[in-house]
Amino acid sequence: MSRSVWKGPFVDGYLLKKADASRSSGRHEMIKIWSRRSTILPQFVGLTFGVYNGQKHIPVNVTEEMVGHKFGEFSPTRTFYGHTSDRKSKRSSGSASAAG
Amino acid sequence: MNDRICVAQFGAPHGIRGEVRLRSFTEDPAAIKTYGPLESEDGSRRFTIEALRPAKDHFVARLAGIGDRDAAEKLTNIKLYVSRDRLPPIEDEGTYYHADLVGLAAVTADGNALGTVTAILNFGAGDLVEIKPEGGSTTLMVPFTDTAVPEIDMAARRMVVNPLTETE
Chain V
1 MSRSVWKGPF
11 VDGYLLKKAD
21 ASRSSGRHEM
31 IKIWSRRSTI
41 LPQFVGLTFG
51 VYNGQKHIPV
61 NVTEEMVGHK
71 FGEFSPTRTF
81 YGHTSDRKSK
91 RSSGSASAAG
Chain U
1 MNDRICVAQF
11 GAPHGIRGEV
21 RLRSFTEDPA
31 AIKTYGPLES
41 EDGSRRFTIE
51 ALRPAKDHFV
61 ARLAGIGDRD
71 AAEKLTNIKL
81 YVSRDRLPPI
91 EDEGTYYHAD
101 LVGLAAVTAD
111 GNALGTVTAI
121 LNFGAGDLVE
131 IKPEGGSTTL
141 MVPFTDTAVP
151 EIDMAARRMV
161 VNPLTETE
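Protein chains in written order, with our numbering: chain V, 1 to 100; chain U, 1 to 168.
Simulated from the structure, these hints should not be mistaken for laboratory data.
We put the beta carbon where it would ideally sit given N, CA and C, even for glycine.
Possibly wrong hints are sitting among the right ones.
With the C-beta cut set under 8 Å, the calculated list includes, among others, these residues of chain U facing chain V [unchecked claim]:
#1 Asp-85
#2 His-98
#3 Asn-112
#4 Phe-123
#5 Val-142
#6 Pro-143
Calculated cross-link-like contacts (lysine-lysine; reagent style BS3-like; alpha-carbon spacing at most 27 Å) [claimed, not checked]:
#7 V:Lys-88 x U:Lys-74
#8 U:Lys-132 x V:Lys-56
#9 U:Lys-132 x V:Lys-32
My request is simple: use the sequences and hints to build the entire structure.
Structural data, given as structure tokens:
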């Protein structure tokens, strides 16, 4: 059963303060958080959060597509790396993480 | 750089005509057939896929020289490798095979050693480079971006990493 719309998205209050502080500092930094249950809000776009997975903080670069999801979705708690095989990755521009 | 890359693994036999299940690890699973003969882990055996068809969550492969179930049973769990040279060259600048990045030395802009790249991960929020410090157990993760990884020198086998400062 989904959450009632009238309540609005859930987010731990301290995240908003941390996000504001990071944005105003303008530094390239990772905000360490433990709140996996919080919803990703539009004002978090462009910031990098370190979302705790029970062992360490996984860097999560927030983009527009992630708004509405929970932070915990991007920080798995179980280890499965799979096989490297022929997979490849493109180094993305750092504007998202540097925008903070 | 890894000379050989694991691209697939045989599973259980399928039917009585020597067909075998095959789990492909390649980006496009069906591309496994295009890599030509596949080698076992020790390189002693080579397998040529004659036919490949998709099943539920795997492929069913018919191999050259494997004609009955008994022969197919002996292949169970064998991992299949191809030479790194057989991967097609990447034309897009700034794109790298994970196999090439794993094993690079990670250093800071000042030249201080951070460790060795152990994996490229993606949990849905962009690619991450996992770095294992020398003698350390806890790994470090940095986004695979121009800001965090400003330079990759494949010839020197090193990657310049700009670790994120952490704030609570």
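Verification of the supplied hints:
1. Asp-85: violated (12 Å)
2. His-98: The hint holds - His-98 (chain U) has a Cβ within 8 Å of chain V, the shortest such distance being about 4 Å.
3. Asn-112: violated (18 Å)
4. Phe-123: Hint holds; Phe-123 (chain U) Cβ to chain V Cβ min 5 Å, cut 8 Å.
5. Val-142: Given a least distance of 7 Å, the restraint on Val-142 (chain U) holds.
6. Pro-143: holds (5 Å)
7. V:Lys-88 x U:Lys-74: It is violated: about 32 Å lies between the C-alpha atoms, which goes past 27 Å.
8. U:Lys-132 x V:Lys-56: holds (13 Å)
9. U:Lys-132 x V:Lys-32: holds (20 Å)
Hint compliance for this structure: hints 1, 3, 7 are not met, and every other hint is.
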